[in-house]
Every structure is written in C-alpha cells, then in structure tokens.
Amino acid sequence: MFWQQLINGITLGSTYALIALGYTMVYGIIQLINFAHGEIYMIGAFVGVIAVAVFKLNIFIALFMAMAVCIFIGVTVERIAYRPLRRSTRLAPLISAIGVSIFLQTLMTVMAGPQAIGFPQVIDDQLYHLGSVTISKVQLIILVLASTMMIGLQLIVKYVKIGKAMRAASEDYDTASLMGINVNRVISFTFAIGSALAAAGGVMVGMYFNSIHPLMGVMAGLKAFCAAVLGGIGSIPGAMLGGLFLGIAEVTGVAIGYGGYRDAIAFTLLILVLLFKPTGILGRPIQRKV
Amino acid sequence: MDSLLTNFISPYYIKIFTLVGIYIIIALGLNFITGVTGQLSFGHAAFVSIGAYTAAILTARLQLPFLPSLLVGGLLAAMVGILLGFPILRLTGDYLGIATLGFGEIVIVVFQNLEITGGTIGLSGIAKETNMTLVFALVIFTIWAMYRLQNSRFGRALMAIREDEIAAHVMGINTTSYKIQAFGIGTFFAGIGGGLYAHMIQYLNPTDFGFSRSFEYLTFVVLGGLGSIPGTILGTTILTLAPEFLRFVAEYRMMIYGALMVIMMIFRPRGLLGGVDLGKKFRAFSKKTSQKHAG
Chain A
69 MFWQQLINGI TLGSTYALIA LGYTMVYGII QLINFAHGEI YMIGAFVGVI AVAVFKLNIF
129 IALFMAMAVC IFIGVTVERI AYRPLRRSTR LAPLISAIGV SIFLQTLMTV MAGPQAIGFP
189 QVIDDQLYHL GSVTISKVQL IILVLASTMM IGLQLIVKYV KIGKAMRAAS EDYDTASLMG
249 INVNRVISFT FAIGSALAAA GGVMVGMYFN SIHPLMGVMA GLKAFCAAVL GGIGSIPGAM
309 LGGLFLGIAE VTGVAIGYGG YRDAIAFTLL ILVLLFKPTG ILGRPIQRKV
Chain B
859 MDSLLTNFIS PYYIKIFTLV GIYIIIALGL NFITGVTGQL SFGHAAFVSI GAYTAAILTA
919 RLQLPFLPSL LVGGLLAAMV GILLGFPILR LTGDYLGIAT LGFGEIVIVV FQNLEITGGT
979 IGLSGIAKET NMTLVFALVI FTIWAMYRLQ NSRFGRALMA IREDEIAAHV MGINTTSYKI
1039 QAFGIGTFFA GIGGGLYAHM IQYLNPTDFG FSRSFEYLTF VVLGGLGSIP GTILGTTILT
1099 LAPEFLRFVA EYRMMIYGAL MVIMMIFRPR GLLGGVDLGK KFRAFSKKTS QKHAG
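Residue numbers (the numbering used here), protein chains in the order written: chain A, 69 to 358; chain B, 859 to 1153.
Hints should not be assumed to be uniformly reliable.
Calculated Cβ distances over 12 Å to all of chain A for the following chain B residues [stated by the list, open to error]:
#, residue
1, 870
2, 918
3, 923
4, 940
5, 980
6, 986
7, 1110
8, 1111
9, 1120
10, 1128
11, 1143
Derived contacts from chain A toward chain B, CB cut-off under 10 Å, selection only [stated by the list, open to error]:
#, residue
12, 101
13, 174
14, 335
15, 342
These aren't lab readings, by the way, just hints derived from the structure by calculation. Note that the Cβ used here is the ideal one computed from N, Cα and C, for glycine as well.
Bound conformation, chain B alone (with noise of 0.2 Å):
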C-alpha cells in the first residue's frame, strides 16, 4: 500500500504524514488525561519512551514480531501509568503535573544509565516496521475508541471530575479509581505511539524524550483545544507541519514556532476549537441548508 502510495506523494510527505499520524495518537491518549479527565502531566513524553524502548528493544534484541511487540509497549506503559497513578493521582492540578515532570525526567535518567537501553548512545539498529498505511488504521482506530470512551457513562463520569472534583466525588462517581483507569489509558496510547515511533525513526536516544518533548505534546492538545477530538487532530496536525513550513527560515524557525504559542494563546486562550461543538454545528448547518431547500 505504502510503495502504492509513493506513486503519487513523495517519500518526504510520507515520513512527515506518518509522523503525524504518530503523533496525534500520542496527543489523544494526552487528551483523555488532560483534556477529559482534568489532570495535568507533564511527564507524557516518559510513556512514549516506555513503549518505544520495550517495542524496539523486543523487536531488536529478542527477534519478536512486530506488532505483538507494539502492543506489549503499549501496555507496559500503561502498567507503569497505572503504577504511578496510585500515589501521584492523589495530587492535585499544578502540583501533579510538576510531579509528573520530575518522574519524566528520572525516565529519562534511568535509560540514559540502563545497559540494555544503549545509554547515553542511544539505542540503534531498529527495524523499519511503521509504515503510513499502518499509522493511519491506528489513528483511525484511536479517534473511533477515544470516541467510545468520551461518550461512555465512564467518559461522562470523567467528565465530571474534570468540572468539579469534589462534586462528582459527592454524586457517587469513585474519583481515584476513575483518575487511574483514565491514565492507564492514556498512556497506553502514548506507549503504542512510542512503539511505532521507535520504528520509524530506527534510533532511539533518552534526550528524545525529555520534558520539552511533553510540553509539545500538551501544545499540541492546547492549541487545538482541551477535550476535543476534532481539536487535538488539528492542533497536532499544524504544530507537527509547522517547522516543516517555516524550514524556509532555517535557523528562526523555532523562534517563530515560540511566537506563535504565545500569538495563539493570546488570540484564542481556549484553543483552536476548544468549546466547539463540530457535531452541534454541523447539525445547526444541515438545519439552515434543509431549511433553505424547503423554502
């Protein structure tokens, strides 16, 4: 499908599509936890490295299939999400995201100190396995799950907590169990999202992951919009294109990028369709053309 594909687009924008398409699962699994759930983490470029590092060290070392692989990254992250949330979940708002800062960067220590991670040299030699096609079933089926769980009474549930934590406490919702399934399972999406990273990068270095590689994805989830699907896709999708864009400008382009954050939040605090309800407009659209048609 991928050597079809390069029939028609070039080699070029398939690696930056695929990345992009990497990075919107990663920023979705970050919108159920912030975005959703109402829990800052800083630490979210940490679950990414799990699921990279165990994918690439399974594929590479012990000669597993790829896929099984993806999802045992996956999963280990979100064991090591789960893990952590039992102590860290109990804080709340700043003071957690700066504890999942500090447990970002001891990852990041831990792998650069590890044997099997390769150090500070990073880890190499990693099979190339993700491919566009691939990219984009996982994204499609990570938008139709993330879907399922926002308008589940579980979704509604973590809704509530991220309103008011102490009212859906009092209504009967159990905030602490909610808070920890919702971080396992935004970091699973982080994990799998690592896991294809690592293959298409084919080189992992601790420093990839560092707390700046977190920010970018709560950028991404921000600018876009807290909670909105449709947002966090677009956000991810011009952020990721935007120093592709500005390559132009070669060594001010992250000088410009960082104008634009700050650009942005002054224009539209709330993001790119933070409070937009594309369903609703949509509707209200159809309404007036049906409308139009009848009269």
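For reference, chain A alone in the conformation it holds in the complex (with noise of 0.2 Å):
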C-alpha cells in the first residue's frame, strides 16, 4: 500500500515539478511570478490532444508539438506583455502576468468550448507487476520522460553555454549583462525551456487522467507554484525536490481520507514550510540590505 502510494504521488510530483522547473527558472533571473505560466501547461495539453485526435499523429510526435507551439507562445508572451515592464514597479509585471492569465484562458474557452475534453487514449492499459506494488505504462512513460527531461535540464543549466549564462544571469542580472552575456536572449531561452517543459507536463497529465479542460492551469499552475516555493524557488534542484514532496504529500493526503481536503493540503504545507524556512527548503537566505 504504502509503495505503491509512493509510485502514485511521484508521477503526479513529476509533472508538478516540470511545471515547476518554469516558475523557478523565470522567477531565478527577473523576479517574476509568471501567473500566466499555468495556461501555457494548458494550451500544450489542448496542442497534445489536438495533434492526437484530429490528426491522428503518435503520441511523442503530439507531446514535441505541444512544447514546439508551447514555446512560441511563451517567448511571444515574455516579448509583448513582460519585457516591455522590465525596469518598472514590481507589481506592474505580475498584474500583465495575471492579464495574460485570463485572456488565454477565454481564447481557449472560446475555442474549445468550457467543457473538459477527454484524451484519447494512446497507450494500451498495460500493468507492470512488481511485487506489490502496481504501475501502469501511462506512469512508466511519465516517470521515464519526465526525468529525462529534467537531467536534461540540469546538463544543460551545468555545461551548456547558455545555461551558464542563466545561472549568470540569475546570480545578479546587471553585471551579467555588463560582462556581455545578451541578457534578453538569456530570459526568450529561459521561458523558451519552461514553456517547453510545461506544455510536455500538460500532455503527460492529459494522457494520465483522459481529462483536459481550459481552467486545469489554474490549480496546477498554483500547485505547481507552491512546489516551487517549497524547494526554495530559484533553484532547479528545489523545484523537483518540492514537485515531488508535493504530488507525494497530495496523493498521501486523500489515501488516508482527507480527499476533500485536497487542494488544501498542497497550501498547508506551503505555508508551514514558509513560516519556518522562508525561503523554501533548498533557497538561499534572503538579504537584507540597509
């Protein structure tokens, strides 16, 4: 019972963390909480179902559409609605942010109708027996892309050039730009990967749950935003921790009979961890200049 609770909650935590990989990246280099990164995990659970359903294609070639189209809108997003609010009040870019939110979710809304969607099913119910413990290809293939992608991440982050102009960026922006790293080109690839990652986790949570609708980005973004923070947002590695910690904690929660308590649970632990670790489990202490 208690591994294959495990099992259970860390799929769902892997895809919590790969929308969370967004948040923490994006808030790591600007200091932005990205409202409207929910709705692009959104729109790449729509391009996935789209490219199944209607054109009939195989499911990894619909999950690169997704992060393909889900990249185009996320750089086309920071490009109008945030690079322009770049050396404005903190509060001016969370508001566009917000407004960004909610006209892609009316787009959606109008075009695909307010009601959820099912996702064709793509890969056969096949369960794998191991011991006790029960999980299914749909999870396998979860487990396995997800976490690919994430060392992925970190490879590139650790070795690529670019990556190393993220971390610069991140450390402190206007030296980093004044040692000739293209700061705007840094942040496009920064929300480049993060809309990638997130349309992939709308996929997989698509395929994991048959259900799509134009409002799942909101409590996943949220969900996914509170893994951010309890990892310690700005790191990479904090992201997965609490994405993971956070999909166990959920799926722990309802299992011992608190379901109606779910989307609470994520909240509770969010603000318990923060008041005793302000800056999440893996984030560096805040400093306070006078």
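Can you join these two chains into the complex? Each is in its own frame, and there are hints to help.
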C-alpha cells in the first residue's frame, strides 16, 4: 500500500515538478511570478489532444508539437507582456501576467468550449507488477520522460554556454549584462525551456487523467508554483524536490481520507514551510541590505 | 430611497452601481494593506468570504438583524486577519504574497467542506438587505476613514514601513505591531464588503472567492494607483464597469479585459493615478485661476 501510494505520488509529483521548473527559472532571473505559466501548461495539453485526436499523430510527435507551440507562445508572451515592463515597479509585470492568463484562458474557452475534453487513450492500459506494487504503462512513460527532461535540463544549465549564462543572469542580472551576456536572449531562452517543460507536463497529465479543460491550468499552476516555493524558488533541484514532495503529500492525504481537503494540502504545507524556512527547503537566505 | 431612485435609474444600473460601491469598500481595504503599508496580499477574497459567510449565516440561520451581523462579519474577518498576521507578516515581499495566496485557497476548501456554509452547493436563501443608499453611505464612511487613517501619525508610520521597513524600524516604529494593525483594518473592510455582497447576491459559493477574485481586487488597486484613494476608486469603477460595457462582445469580453490589463500596465505601470497628488493638482489649478482673475 505504501509503495503503491509512493509510485502514484511520484508520478503526480513529477508533472508538478515539470511545471514548477518554469516558475522557478523565470523567478530566478527576473523575480517575476509568471502567473500565465499554468495557461501554457493547459495549452500544451490541448495541442497534444489536437495532434493525437485530429491529426492521428503518434503521442511522442504530439508531445514535440505541444512543446514547440508552447515555446512559441511562451517567448511571445514574454516579448509582448513582460519585456516592456522590465524596469517598472514589481507589481506591474505581475498584473500583466494575470492579464495574459485571463486572455489565454478565455481564448481557449472560446475555441474549445468550456467543457472538459477527453484525452484519447493512446497508450494501452498494460500493468506491470513489481512485488505488491502495480505500475501502469502510462505512469512508467511519465516517470521516464519527466526524469529524462529534468536530467537534460540540469545538464544544459551546468555545461552548455547558454545555461551558464542563465546562472550568471540569475546571480546578478546587471553584472551579467555588463559582462557581455545578452540578457534578453537568456530570458527568451528561459521562457522557451520553461514553456516546453510545462507543455510536456500538460500532455502527460492529459494522458494520465484522460481529461483536459480550459481552466485546468489554474489549480495545477498554483500547485506547481507552491512546489517551486517549497523547494526554494530560484533553485532548479528545489523545484524538482518540491514537486515530488507535493505529489506524494497530496496522494497520501487523499489515501488517508482527506480527499475533500485535497487542494488545501499543498497550500497548508506551503504556509508551514514558509513559516519555518521562509525561502523554502533549498532556498538561499534573503539578504536584507540597509 | 432606493425605490425613489428606481424612478430615475433602471434596476440593472442600480445593481451595477451597488456592486461598484461594494467593491470600492473592499478595494480600499486592500489598498490600505498593499498600497499604504506595502504588504502584498493575494488572499483578500478569503477575508471577503469570511465576512460574507458570517453575515449570511447570522441573518439566515440565527435570524439576527442585518447591520449587527454585517459588523460581526467585518470584526471576524479582522480577527482572522490579525491572527494570521502574527505569524505570516514576518515574511516579506513576494513570500508574503504567496503565503496569503495559500491561506486564501485553504479558506475556500474549508468552506467547501463545512456543513454550516452549505459545502460545495453553496449557501442560498439569504435575505436581500443591501441597497444602494446603504452601500454608498458606507463607501463615504470608508473613504473618510481611509483619509483620516492615512493622514494620521499611524498612517505616516505605515507609509514609512512601505518605503523602507528597516529604516522605519531603526527610527523607532514598531513595524510588526503596525503591520498587524494595518492588516486588521484592511481585512475588516473586506469583511464588511463581503457581508454587503452576500446580502446583495443572496447566494454564496466558496468558488466565488478564489484567488482569481483576490487578483481582481489587487488589479483594481494597482490599475488605479497603489496607495491612492481616488486611484483605487477610479480603478475599481472602471474595471467593474468594463465587463458590463464589453457585454456586446459577449464571449470575447474577458479576452479583451485581459489584454486591457496588459496594455494598461505597459503604458501606465504605476497605475492611472499613481504618484498623482490630486490635492496638489487642485491647489495648483485654483492658484492658476485665481492668478488669472487677479491679472
């Protein structure tokens, strides 16, 4: 029972982690809580459904399409709604992000209708038994894909030039630009990666729960954001850890009979963690300058 | 008074203007927390819901008169605000915002699971007690109270905290106590607004008070200009009326609303009346005109 819940929790948690990475990377560089990120995830799921159901494409090609479309949307949103506000007050880009979020939600509701859409079953429901634990093929694919992507991201950030530039920009935005880093390009790249991961998360959740709708981004986005903060916002390993932690906590909470409070579990954890360690589990302490 | 008004204005407009009035009370409460004291709150709708449910339960289930219930709703919201403020106001900036957002979502889930609030089905059968006259009387009271608070010693201390918390602390301001008091005052007005809302709409559902509603209130304040009372009133009025005016574009109206928010931020990031001192403008204007008369 415990191991079964753990597997279910990790599956759910890895989708949260994929979305959380987008929040954490963007926050790390421009200190913006990108509230439109949940909508990118939702659009990813929709593109996935269209590719699979309408164009009858293979699920992996659909996944790539969703990622490509979301990269385009993510970068465009940054260009139009956040870049002109780079030097203004802290709240202005936040309000702008909320505007974008409302815009994309309504756009999808108008285009696809407000009701939930079924995600076609693309992967046969084969089950694998490992001792007392049962793991479905969908779960296995999610786990493998999510961990590949996260390892890939970690490698890019550690060893590739643009990844190093990202780290430099998140360390000190102004100094990085003085050192000859094209900060605008780095930010576009950050949005591109974050959006691609969110889109992948969207398609996976669609596969897992077989249902998507235009407002699915709201709660998932908030929880992923919680995951990012739990792990320490700005920290990539923190987002992964936070996502997994949250997924496991939520599944456990439901398993022990608090199903009705499902959506509160994440937020309760969030407040508790913030009270004892205000910058999250792997976060660096805030420096207060006088 | 309201029946007299219906001779001049259609009931539809009365309803819309009443709603604007209620939102102004709520938004001014948030302005006091975020605009004046500089504490980011993403959970304002939760306090509105506490006031709304308290007032509604008191009148509908316990048959108490409306006005005392309204007051109790406001006081309970303030009490929760103060209790939450003790631990949570130690956080600063975005982290405070995130924690209040989390609190707001928890409140909704709790209301969804309680029996007395009607759970997910919601609470109906609330008497219609709110009318435009009462709301506008309370709006005027709120504006007066906010002006008095802002321009008092207390208000100036809050603004000092907003500008630089550490410096304010060094100057001998008890920042924690002041922040908690400001939070309590802001949430009190949220609760009052909630009670008025409940007795106007006559139906309450926990999902009506989600984080998107909290953001809506924050947008009212930011678009008008943080810390500015006339700005908050202007922002609330425009944004509450905007979806009504955009009704002719039906399903696209929220899309336009979202786009408008982005455009407004790009061209006027400090809000419509942010950094504009209306009193100063007015004095300069009257000086100019009097000079013209003299000359």
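Hint by hint, here is what the structure shows:
no.	hint	result
1	870	24 Å, holds
2	918	23 Å, holds
3	923	34 Å, holds
4	940	16 Å, holds
5	980	15 Å, holds
6	986	29 Å, holds
7	1110	7 Å, violated
8	1111	8 Å, violated
9	1120	4 Å, violated
10	1128	6 Å, violated
11	1143	27 Å, holds
12	101	6 Å, holds
13	174	4 Å, holds
14	335	4 Å, holds
15	342	5 Å, holds
When the structure is compared with the earlier hints, violations turn up for hints 7, 8, 9 and 10 and for no others.
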